[in-house]
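Enquirer: One letter stands for each residue in the lines below.
Number of protein chains: 2
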Amino acid sequence: MGRWQPDAEGRLQRAALELIADQGYDRTTVAEIAASAGLTERTFFRYFADKREVLFAGQERFIGMVVDALIAAPPDLAPLEAIISAFGATTAWFDERRALARSRQGAIDAHPDLQERELAKVAKLSAAMTQALRDRGASEPQAALAAAAGVAAFRFGFAQWLADEDGHDLESHILSAVEDLRKVTAV
Amino acid sequence: MGRWQPDAEGRLQRAALELIADQGYDRTTVAEIAASAGLTERTFFRYFADKREVLFAGQERFIGMVVDALIAAPPDLAPLEAIISAFGATTAWFDERRALARSRQGAIDAHPDLQERELAKVAKLSAAMTQALRDRGASEPQAALAAAAGVAAFRFGFAQWLADEDGHDLESHILSAVEDLRKVTAV
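Residue numbers (the UniProt record's numbering), protein chains in the order written: chain A, 1 to 187; chain B, 1 to 187.
What the hints contain is simulated information worked out from the structure, not anything from laboratory work. Do not rely on the hints blindly, as some may be mistaken.
[Claimed, not checked] Derived DSS-like pairs (lysine-lysine); straight-line CA-CA distance at most 27 Å:
id	chain 1	residue 1	chain 2	residue 2
1	B	124	A	183
2	B	121	A	121
3	A	51	A	124
4	A	124	B	121
5	A	121	B	51
6	A	51	B	183
[Said to hold, decoys possible] The calculated label-pair distances, taken between Cβ atoms and stated as ranges, are:
id	chain 1	residue 1	chain 2	residue 2	range
7	B	128	A	187	15 to 25 Å
8	B	162	A	106	32 to 42 Å
9	B	27	A	123	40 to 50 Å
10	A	131	B	68	29 to 39 Å
11	B	21	A	65	50 to 60 Å
12	A	168	B	42	13 to 23 Å
Owing to the predicted nature of the structure, the values given are computational and were not obtained by experimental measurement. Glycine is no exception: its CB is placed at the ideal position from the N, C-alpha and C atoms.
Okay, chain A solo, but in the shape it has when bound (with noise of 0.2 Å):
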């Protein structure tokens, strides 16, 4: 094994995945992932702090694009729009890996430690939106309540396109569930 590990964060990840799809949370070891990925377990916690984190890089990654997205949409929308825009720039993303994304979620599901850490995570995304929207200007109920909106669209129209055995995109069920939210909240 070299010192340079191409892409070893993702073998790691998907490694866990599908050990974790055949024999659950519980009874999947580090370093069964590691061997399994052709790594080490030294390997494994230079990239994840713990045994579910490896379930919740990718999640650190959307944060972080959703973020840099927000910033960079255009001065001139509104915060929700921004939002769209910017979920927008990580959907094709997402759509590259709909197989893991369901893996993924099951183990979750499957596990009150991970649903803790996922809400947890959520809460995050949450925060770092409010920040980049008033980073944008946006006053204070604005950026905290059309992030919670955003989170709030993003979440059910995830669930949904988890479940989309017909294969339409995320981002058709993102704006989907903006326009229920839109049609709720008119009321």
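Assemble chain B onto chain A, guided by the hints.
Expert: Only chain B this time, still in chain A's reference frame:
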């Protein structure tokens, strides 16, 4: 100490909040909380599963109050209107307890473990409200998205109410948050 303890649960909660405000969550033991309330540890564990839970029993009661009020709300109310009406049935209970609510929030904000449980309870509230809206006949995107929007407005309004030095009541802060949410999603 008699076998029958009037408001043992409330006394344990108030004792816990006072001790936590004085000396921090980590340094406060169940034994101290029970002693300060004039009760035994055994009585504590009859009411609360663990030390964290003493801070969240009120939240469980709140979830029950909201769900009951949602079910009882006039059937012709749209989902978000029914939610506003349901929250309205709970706000007097909070307004009588603003000082305790502030101590509790201070403890939670200072401790990651408590934040985790707070997020889990918020997720539980959202799921319970979604189910109650379904039972009222709301369609699927409506039920989940109205619950998410309502929870977002409640949380924002609640934070504003806790920070409010002018003593406006919780309901006015929630209604104001719902209006801001409507503005932000209308664009």
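Enquirer: All hints are to be evaluated individually against the structure, with a verdict given for each.
Expert: Structure-based check of each hint:
1. A hinted pair counts as satisfied when its Cα atoms are at most 27 Å apart, and residue 124 of chain B with residue 183 of chain A qualifies at roughly 24 Å.
2. The straight-line distance between the Cα atoms of residue 121 of chain B and residue 121 of chain A is roughly 15 Å, inside the 27 Å bound, and the hint therefore holds.
3. Between the alpha carbons of residue 51 of chain A and residue 124 of chain A the distance comes to roughly 20 Å, so the proposed pair stays at or under 27 Å and holds.
4. Between the alpha carbons of residue 124 of chain A and residue 121 of chain B the distance comes to roughly 17 Å, so the proposed pair stays at or under 27 Å and holds.
5. Restraint check: the Cα-Cα separation between residue 121 of chain A and residue 51 of chain B comes to about 25 Å, which is no more than 27 Å; the hinted pair holds.
6. For the suggested pair residue 51 of chain A and residue 183 of chain B, the alpha carbons sit about 42 Å apart, so the restraint of at most 27 Å is broken.
7. Remark: the range hint 15 to 25 Å for residue 128 of chain B to residue 187 of chain A is upheld by a beta-carbon distance near 21 Å.
8. Distance hint for residue 162 of chain B and residue 106 of chain A: a CB-CB separation of about 38 Å, consistent with the stated range 32 to 42 Å.
9. The given range of 40 to 50 Å is broken by residue 27 of chain B and residue 123 of chain A, whose C-beta atoms sit roughly 26 Å from each other.
10. Checking the proposed 29 to 39 Å range against residue 131 of chain A and residue 68 of chain B shows it holds: the Cβ atoms sit about 37 Å from each other.
11. With their beta carbons about 40 Å apart, residue 21 of chain B and residue 65 of chain A fall outside the hinted range of 50 to 60 Å.
12. A C-beta distance of roughly 56 Å is found between residue 168 of chain A and residue 42 of chain B, which places it outside the suggested range of 13 to 23 Å.
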